[in-house]
Amino acid sequence: MVEGNHYFPLSALNREHIISSSHQSTCPWKSLAHYYTLHVNGKASENAAWYYPKPKAGSEAVKDRVAFWKGVQITS
Numbered sequence: 000m001v002e003g004n005h006y007f008p009l010s011a012l013n014r015e016h017i018i019s020s021s022h023q024s025t026c027p028w029k030s031l032a033h034y035y036t037l038h039v040n041g042k043a044s045e046n047a048a049w050y051y052p053k054p055k056a057g058s059e060a061v062k063d064r065v066a067f068w069k070g071v072q073i074t075s
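If you're matching positions, the sequence shown starts at 0 in numbering that gives the first Met the number 0 and goes up one per residue.
By construction, these hints were calculated from the structure, which means they are not laboratory data.
These numbers were taken from a predicted model, which means no experiment stands behind them.
Honestly, I wouldn't trust all of these hints.
[What the hints assert, rightly or not] Distance ranges between label pairs, derived from CB positions:
#1 E15 - G57: 31 to 37 Å
#2 H5 - W28: 17 to 23 Å
#3 S75 - W28: 26 to 32 Å
[To be verified] For lysine to aspartate or glutamate, the following DMTMM-like pairs were computed, each having C-alpha atoms within a straight-line distance of at most 25 Å:
#4 K62 - E2
#5 K29 - D63
#6 K62 - E15
#7 K55 - E15
#8 K69 - E45
#9 K69 - E2
#10 K55 - E2
#11 K62 - E45
#12 K69 - E59
#13 K29 - E59
#14 K69 - E15
#15 K53 - E2
#16 K53 - D63
Yeah, the Cβ is synthetic: ideal placement off N, Cα and C, and Gly gets one too.
Working from the sequences, and respecting the hints, build out all of it.
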């Protein structure tokens, strides 16, 4: 968990439910975040998941991991 968010391995994502988004944001200590839009049961959740492809030194815990906005239900 980082800053109250659970980060899951990118490899665990079901790729049929995600589309890369053009949205990005910057965290001063983690670096540039990239986003995914989730598509489940005919509904889209814009920019509902994010990841840091090249985290800065000191934030390696988020490398190759993805987090979701609160309210996104995670199932296996």
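* Which of the stated hints cannot be reconciled with the structure, identified by number in ascending sequence? -> 7
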